[in-house]
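S.K.: Spelled out, the chains give:
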Amino acid sequence: MPDIFGILNIGKGALIAQQRAIDVNAHNIANANTEGYCRQRVNFSTQPPINFSPGQMGTGVKAAEIERIYDRFISLQLSQVNQALGQGEAEKSGLQEVEMIFDENSGYGLSRALSDFWNAWQDLANEPAGEGERIVLIAKTKVLTNTFNRIASQLTGLQKDMDVNIKGTVEEINLIARQVADLNQQISAAEVGNQNANDFRDQRDLLLKQLSFLIGARYFETDTGKVTVLVGGGRPLVEDGLTWELSTETNGAGHQDVVWVDQDGNKVNLNAEIEGGKVKGWLEVRDSYVSRYLNQLDTLANGLITEVNNLHQVGFGLNGSTGNNFFEGSSAFDIQLSSQIEADPNLIAASETLDGIPGDNRNALAIAELQNQLIFSGGRATFDDYYNSLIGKTGTESKEAQTNYEHSSAMIAQLESYRDSVSGVSLDEEMVNLVKFQHAYDATAKLISTIDELLNTVISMV
Amino acid sequence: MRVSNRQIMDTITKNLFQNEKRLLELQNKISSGKRINRPSDDPLGMKRVLDYRKLLAQIKQYKKNIAYGETWLKDTESVLGSVSDLLRRAKEIAVYQATGTSTAQTREIAAQEVKNLYDQIIQLANSKWKGNFIFAGYQTKTNLPPFSRDEDYNATYQGDTGKIEVIVGEGNKVTINLHGQEVFSQEVDIFLTLKELKESLENNDPEMIGSLVEEIDKAFNQIDRYRAEVGARINRLESAENYWNNFNLNIEKALSDTEDADLTEVMTDLLSQQAVYQASLATTARIIQPSLIDFLR
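So the protein sequences, as listed, match chains G and E.
Each step along the first sequence adds one to the number in the numbering used here, with nothing skipped, and position 57 is 444.
Each step along the second sequence adds one to the number in the numbering used here, with nothing skipped, and position 171 is 1073.
Simulated from the structure, these hints should not be mistaken for lab results.
Remember, it's a predicted structure, so these values are computed and weren't measured experimentally.
Treat the hints loosely; a few may be bogus.
Unchecked claim - Subject to a maximum C-alpha distance of 30 Å in a straight line, what follows is the list of computed DSSO-like cross-link-like pairs (lysine-lysine): (1) E:Lys1032 to G:Lys780; (2) G:Lys786 to E:Lys962; (3) E:Lys936 to E:Lys1155; (4) G:Lys786 to E:Lys916; (5) G:Lys529 to E:Lys1032; (6) E:Lys916 to G:Lys529; (7) E:Lys1155 to G:Lys449.
Claimed, not checked - Here's a subset of chain G near chain E, in silico, CB distances under 7 Å, partners left out: (8) Arg459; (9) Ala797; (10) Ala830.
To be verified - Here chain E is said to cover these stretches of chain G; the calculated rule only asks that three of the stretch's residues, wherever they fall, bring their Cβ under 8 Å from a Cβ of chain E: (11) 446–455; (12) 811–822.
Using N, Cα and C, we set each Cβ at its ideal position, and we do this for glycine too.
Pulled out of the complex, with its shape left as it was, chain E reads as follows (with noise of 0.2 Å):
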């Protein structure tokens, strides 16, 4: 075959381009430490790190409402434990008055710590957390607290029965608030119970005030029920959570997997490819340097 001078020029410079695309394209791995610098460089891959991500951003946004919903409902059940120890005390009261051995005076006194009982009770069922009225339904954010009392001791529901829920996966939502109407007054009327001891202790009834103990014990089952509910609905958080931290890792890793360049790979491939690229120069160099007309004197 006939060689000509531009074929030997031609085809070198394309070679020693090639051998630099490659390097310049190892150097770019290593530098970003990605495998998939560019959509094309892998279509497929890239359609999948796009997927890792908007999971990665999901999970991060479902752990945060996770969180929120468990705080809230953290405070939910601390409320209610101190209800409910009020609850005990206002039980205490009844069982201990209604004995023979208490007097009109002393029944005088715990009507008083009734009537204390019963505003802390309401104070606690107008519980802000976060400057939301926790048993306020979704009368979360006003100037009005959700329960108040006349001077008769005739408490009023001013919330509704609006459940809030945060999303905690694709689909499955949880409800984090409990209302005030179904924990104070459904079933068992708390505030008109306590009421009723405070008026029985004023009126010096035993009678009265024995038969009461039965609805402070269904009052205070009442709220123990939901205590148990919120500890419930953390425990379901909890379990999400620990989902989420779980399968957060899985996609990290799967996302590593896919766009991450694998070091020790690229720089094998880079020593070779530098390795090629010399010997290319080195070769290019003798090729070049002689011709006929060297030796031609």
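So here's chain G without its partners, still in its complex pose (with noise of 0.2 Å):
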């Protein structure tokens, strides 16, 4: 019913409306620097008019709902290329440090130890008889072998890293999906109540991205605003409520598998299947980077101990010895001086005859010449030749790591920047939007003191 208490209550309705406003405002700048929060906007609309002559009447204004400004498709984009900034750091970080385990750069890596070892039995050659010249070969060599266990177990120790941080991530994932799960709950209870549950998703979104980022999970949302979110080949980690645990299973190799536990406890080996995310960089880098690295290691020590000892044991030592390996050991892990050389020097077989000792050198040249032949890749490379090409195959894959992430973290920030423009706070846009609710909501106060003074009149006409 338009008359003068109509008015007094179109300016409570406005009063209420700017202050929610006002509300909204102080709720925006006070989440501007909280990650993942996407600003809040209260939409107006006008009450239900009158009909009336002359016409309609309007009854003002009320605060229709509070909206989270946000856009859906830049928050999955975000998800996916977090998989692959996942991966990225992962491999990055990973071969970086098998760039440091290698030590090519201060000159005293593996490369100087070969070098080093060869020139060695070249000094034997000059003086086969020299106790001094058979000394420093056996001290040349232990380096050389030193260097060979150091390196290999330097890289399995890079790989159980790896386990230690799969191992971890695993429960900090089953840990985020449970809270996934709760806020599934929370944010269908809301808005089932016709309420918009803004904050709850904010979290939940974060949450996602955290689990994109660990183990390139996907996800989508149903209809009842219930995210499920998948990993490894389609398998559920959240579904509604309900959450399926990841763990971790030591396997033959000893490292860590990630298995997924179906619902009857059946445990489903996932490391071939997941998509990307540090568990997928950690598990490139132990399964398949620094496994190969090793490998190529091993074979070179291996050539190194098959082709000194066949050498060497056809040889004569200074005491007429012959038979004696140099080396034993079979891979870089276990590679060693044979004690029974480094116990009597004379046992190193530099002589090809037994006549010949002490002078004869031929079998230490015949080893010193070991270094030039093409054992390798096929009869194509020289130790060094393979090494060389194990350095530089590290490299060239370290620094395809680097360009990987560095491309994906350019996305991000491309695609952060986008997210930001559009749900980020500016704080000059809340300045104004305050100046301009104070002002409807003075003007409102005005209304209501202007609608007491007629009333006065009323009144005092009586």
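Both chains come to you apart, so use the hints to assemble them.
M.R.: And the structure:
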């Protein structure tokens, strides 16, 4: 009924509505720096009008809803690039570690140790009966075997670090999955009651982003506002309010496999099916890159052991001994100088014949000349060629990982900038809105005091 | 386009980090003096660096081997020089004592001198260099010297015919020793010749003495031939050394070109990067400060 009290009602409604707006304004300003926060806005609408003469009369304003400003497609894209970013970051830091382990830039890596080893054989060839030359050869050999052992065990150590990372992260993922399931319930409960669960959605988006970053999880939203999260080849991690457990299991090589546990408690190995994220990166570093480097290092060590031993066995030591191995072991881990030779340098077989002792240096020459023989890669590479290619490979692959990482971080930066452009809080804008709502509030207050005066006038008439 | 505060801050920090990262890389290049500080800086370059370093280590060793062989051969050369001097003296004795002016008495004295010459040559044939008998084949370090004689001046050789080689390049070896048999006993048996000279002097047999002159000449030529051979080997070693010296320079240059930072270039980059960094700091300071709040009163 449009009368003077009706105007008072409009005033009351307007005061409340402007106040709501300032409330939301305050919430925006307060969360300007909250990660994942999307700015909110109060949508006003008019109250239902009343049919009257000369026409419909409006009855004021109401705060219809609090809307979260957000672009669903950027969120999806962000989660995809986050998979790549997580993987890139894990591979980049793992492979940089590999470069440090080989330590070739300092000039004191395996390459130097190999050169010194061959040169010590040439020195022995010059003085086949020399005690000093024999002792130096033993010392240089030990530097070489120690360098092999050190690199091999540090590379294995790096693989173990990856295991620790994977194990810890799987636990973190389970925790996040449970939080997502809880938020699913809260959001759906709120939205069924026609509320906008804006802040809950922000929190859930942030958690989903982490899941993509960590394990390359994919997700989609159902009609009820709940998300289903999938990992490794479409296996559910979160569905509705339920979660599935990920866990780890020690495999034959002593490393941690990522397994998904179904409802009956059956374990499924996910290693090959994880699509991205840090876990994928760590698995790649451990099972693909580092294990390949280790294999090649083993091939090199094994070749050295076999070739040197073959020649050494047919030669003769200074004391007439023959048939002795120079190296023990079969891989980069266990290559060692023969303990007998370490105890008695005279066993080093520099001579090709028994009669030629002490001056016969032909066996030492033959071993020294192994340096230039094409032994690897089907007779196309020397020891040095093979090793230097390996170092080149570690460099190339590390560089690739760095490039991939930088590419995904540039993509992320762009997408996040776009996301912030849509959803981020602008303090200037909030200030403008604050001024706008304040003025509306002031004007409404003025309206009410005017009504008051009108009522006074009416009352004083009585 | 709408611009949020987060967007501004993120862009600023990202750009400042980027600038700082470039500055750090340049500083790293300057302080290490190297263009490649880890293999991923230039994987192919790194591989070349390793190849060059290996070559340099090989060359160093080849030069060491060459120096070893050269001193061995030079020692051999000077020993052969002394042997040849002693043989020249033996020839003089033979020529002089074959003539009629010599008597049984002078021949007796000369026989004494020849015995001395014989023992001196034995001594030279037993020369050692760095503790190795140089004319013993592979029997370089033994208690038995390669040559010895009995009371009747019969010489025996206890060495062998081993050839000692040094590596002077990839697949390239040079023999550095001459064994006693080839130098002293093959073709002309020097010790036998001297023994015959001694005996014919003692027997006062000018005809026999005269007939030995030719034999001694042959012995002299034999030693000369081996001196020439040693000289040729020394030449071979010297030319190998020259080759490696030149090659070494080339490789060192190539290594430096691949590995070392061009300081002028890096310094220029650093200066321009510093300018960029300062400009970004200055603009950041201007953008961050004012907001609408400063103007609302």
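S.K.: Please name the hints from earlier in the document that this structure breaks, with their numbers sorted from lowest to highest.
M.R.: 1, 2, 6, 7, 8, 9, 10 and 11
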